[in-house]
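Enquirer: Please build the complete structure, drawing on both the sequences and the hints.
Chains A and B, in that order, are what the protein sequence lines are. Residue numbers for the first sequence follow the working numbering, beginning at 1 and rising by one. Residue numbers for the second sequence follow the working numbering, beginning at 398 and rising by one.
A couple of the hints might just be wrong.
Said to hold, decoys possible - Restricting the straight-line Cα-Cα distance to at most 20 Å, the calculated cross-link-like pairs of lysine to any residue (SDA-like) are:
#1 K325(A) <-> A366(A)
#2 K361(A) <-> E293(A)
#3 K361(A) <-> L688(B)
#4 K361(A) <-> V571(B)
#5 K265(A) <-> P376(A)
#6 K479(B) <-> V571(B)
The hints are simulated quantities; they were obtained by calculation from the structure and are not laboratory data.
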Amino acid sequence: MTIRLTFAAALLASAAPALAATHTVSPGENAQEALQEALILAEPGDEIVLEAGRYTLTDGLSLDVDGVTVRGAGMDGTVLDFTSQQGSGEGMLVTSDNVTLRDFAMENPKGDGIKSKGADNIVYHRIRVTWTRGPHPENGAYGIYPVESTGVLVDGVKVTGASDAGIYVGQSNKITVRNSIAEANVAGIEIENSRNALVEHNIATRNTGGILVFDLPALPVMGGGNVIVANNLVVANDTPNFAPPGNIVAGVRRGTGIMVMANDKVLVENNILSQNPTAPVMVIAYTQPYEDERYNPLPREVVLGNNTYNGGGYDPQLEGAEMLKGAFGGELPPVLWDGLGTLAAVEGTMGWSLNLTEQGKGLAAAQPGPLQVAVPAAEFDRSGIGAPAELDARIAG
Amino acid sequence: MKRSGAILAAACLALTGAVVARATVFLPVIVLEPVNDEAVREGMPRLLSEFGFFRRMNTQVPTIDVEPYRLNTPLYSDGAEKLRFVYLPEGTQASAQGEGLLDIPVGGALIKTFAFGEGEERRLIETRVLLHRADGWLALPYLWNEDQTDARLAIAGARLDLTTPKGEAISYRVPNKNQCKECHGLDGAVVPIGPKARNVAQGWLEAMVADGHLDRLPDGADQLPLWEERENANLTAAARAYLDVNCAHCHRPGATASNSGLDLRWEQQDPAALGIGKRPVAAGRGAGGHLFDIVPGSPETSILTYRMASPEPGVAMPELGKATVDEEGLDIVQRWIEEMAP
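Expert: Dropping the structure here:
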């Protein structure tokens with residue numbers, strides 16, 4: 001058996017370049033050039049090791065070689081400092097496949113933290129992206145930003161201070177975001193126009209909104225859905241919205257725990273939702289007019305399983321909040337639905353509905369009342385959701 | 398013998414009767430060294446001179462088979478003068494693809510030198526080469542030395558302080574090898590951007606055909622307006638040409654900014670794809686508090702012009718290749734948006 005395994009391993013190895021090399025980079029005066037050169041000259045399969053210390057960088061970095069691992073000495077040990085960044089739209093840009101980024105930090109990038117675009121099978125492991133002054137509208141937009149990719153694993157990252165979303169996965173497929181902390185961003189974790197995403201065991205706290213799952217019109221990749229949001233701690237997302245106006249997240253109400261908007265087949269279960277003052281869970285339709293024929297603005301087949309709700313809806317950032325609170329006895333029940341699309345919830349789920357009848361017509365027709373929805377008709381189909389197992393294997397052990 | 402200006406050499410031999418090809422006893426015959434095809438086809442030469450694109454490095458006089466060209470509407474780069482050349486190995490020719498990119502054969506190259514200052518004051522800053530190899534295009538940046546005798550490969554890019562023609566002191570960025578791809582990337586491959594048939598002079602195309610460097614005159618080609626004569630051109634054409642040349646290499650399907658859904662190519666006619674009434678996706682603070690990429694009649698509330706008008710990283714567009722605002726480009730786009738019927 002051992003022999004057979006070894007043989008298999010040898011076969012696997014033969015598919016990779018014969019000699020994977022390690023390139024070690026140290027902090028110091030030429031860090032920008034040395035690091036960027038290593039990123040360019042690396043061959044598929046190579047590892048770039050960033051020694052401990054603080055690297056002062058003046059420009060964005062980029063990686064365009066398949067199969068490279070960039071490994072630092074820990075998310076507090078190796079710090080790439082972009083405070084004096086002079087160019088580029090992000091701290092690091094990855095455009096190649098099968099890349100692993102692990103164990104380093106990015107501080108104060110001018111735009112996004114790490115963007116990976118069209119980079120399939122990417123792993124972000126124990127990466128920290130921090131805007132050190134805390135919430136500020138002039139901070140960069142996204143911390144961790146994979147887009148247009150198949151196979152995304154985000155594990156053990158921490159993002160603080162993003163003026164849009166801390167961890168943002170867009171227009172992608174087969175995604176896992178887990179064991180991560182999103183703190184003091186406008187949106188903590190955002191899954192947008194993406195399919196087959198698993199968001200589990202994360203902490204979203206002190207954001208304006210904790211975890212958002214939605215679809216937007218007029219993007220190249222459409223039709224988000226098949227998303228599970230489970231076992232997350234979504235606590236005290238009460239930071240006033242500091243997004244620059246004009247961003248879609250600028251409309252997120254302070255105190256939103258988990259929001260599902262215009263998405264298909266989403267399961268929300270076993271989360272602990274505490275102290276999210278507008279609504280622990282919000283299920284709504286896209287509110288704006290749109291022209292994209294491919295777009296469905298309604299939430300469809302959203303399922304609320306068992307979640308723990310504690311102290312939400314006590315300070316809703318909603319029109320007529322005082323009247324609503326009065327009507328519901330001082331605190332709004334945890335689930336807010338606008339009444340559009342389809343929603344199911346396990347028995348005993350407390351909530352309220354705006355009972356809207358049409359998308360995009362505003363709240364004028366709202367007739368708030370207690371939530372009345374069916375119980376889930378069948379077991380949620382979990383097949384094919386989450387990042388490919390190969391990505392887990394890459395960071396195992 | 399290589400084809401080192403073979404005809405000249407032959408003439409030289411005939412006249413002098415000498416055996417040495419380089420003999421120039423009686424006539425000032427200049428023997429042109431050909432381009433080093435090996436350097437174009439493989440490896441990464443450390444020095445620009447190793448390619449042999451230029452007869453004189455400092456004055457950028459090209460050697461045989463290296464043809465200078467210019468663009469009708471050029472890409473803005475902090476006001477840098479740009480010297481553009483195309484190299485087609487002997488016996489090969491480019492082929493026309495309608496109004497789009499001229500198809501340069503494997504072994505060919507595109508060369509672009511950035512210079513600031515005029516006359517005696519002119520300094521060559523960097524030369525970017527795009528080499529068409531068997532496995533695709535390779536982009537390499539070369540940084541000129543102080544003496545202006547040669548340029549060395551700067552694979553990780555560089556920064557240098559200089560003053561633009563308008564007198565602005567900037568930290569000029571030489572892009573690294575990967576950053577080349579940010580603008581030159583299409584569907585995962587590196588491609589040329591500049592030499593589209595619609596963006597080069599008709600006369601140049603005719604001369605290329607006459608010389609056998611181009612297979613035929615591109616048919617049905619639009620022509621982008623000449624930038625310096627934009628005031629006499631149709632405003633929409635001038636603005637759309639500017640956006641096509643300065644923005645559309647990223648803002649098009651398959652390119653770096655495809656996820657934005659904004660498509661600024663010349664041939665795009667859908668108003669929403671062009672940004673009219675289109676909401677941003679990942680603009681972050683780049684939106685500047687505005688709701689739409691283009692608000693007809695209102696450049697002051699349009700994200701497109703807000704980002705063009707900013708020099709700040711994270712807001713500025715384009716993200717790469719400029720440190721200063723292109724006031725003239727901004728002006729034409731602002732006027733175009735202003736003129737749109739709301």
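Enquirer: Are K361(A) and E293(A) close enough, with their CA atoms no more than 20 Å apart?
Expert: Holds, because 18 Å separates the two Cα atoms, which is no more than 20 Å.
Enquirer: Between the alpha carbons of K361(A) and L688(B), is the straight-line distance 20 Å or under?
Expert: This hinted pair holds, its Cα atoms lying about 19 Å apart.
Enquirer: Would you mind confirming whether the straight-line C-alpha gap from K325(A) to A366(A) stays at or under 20 Å?
Expert: holds, 15 Å
Enquirer: Measure nothing beyond the straight line between the CA atoms of K479(B) and V571(B); if it is 20 Å or shorter, mark the hint as holding.
Expert: holds, 14 Å
Enquirer: Under the criterion that the straight-line Cα-Cα distance not exceed 20 Å, is the pair K265(A), P376(A) satisfied?
Expert: holds, 12 Å
Enquirer: Check the hint pairing K361(A) with V571(B) against an upper bound of 20 Å on the C-alpha distance.
Expert: Roughly 51 Å separates the two Cα atoms, so the pair is violated.
Checked against the numbered hints given earlier, the structure breaks only hint 4 and satisfies all the rest.
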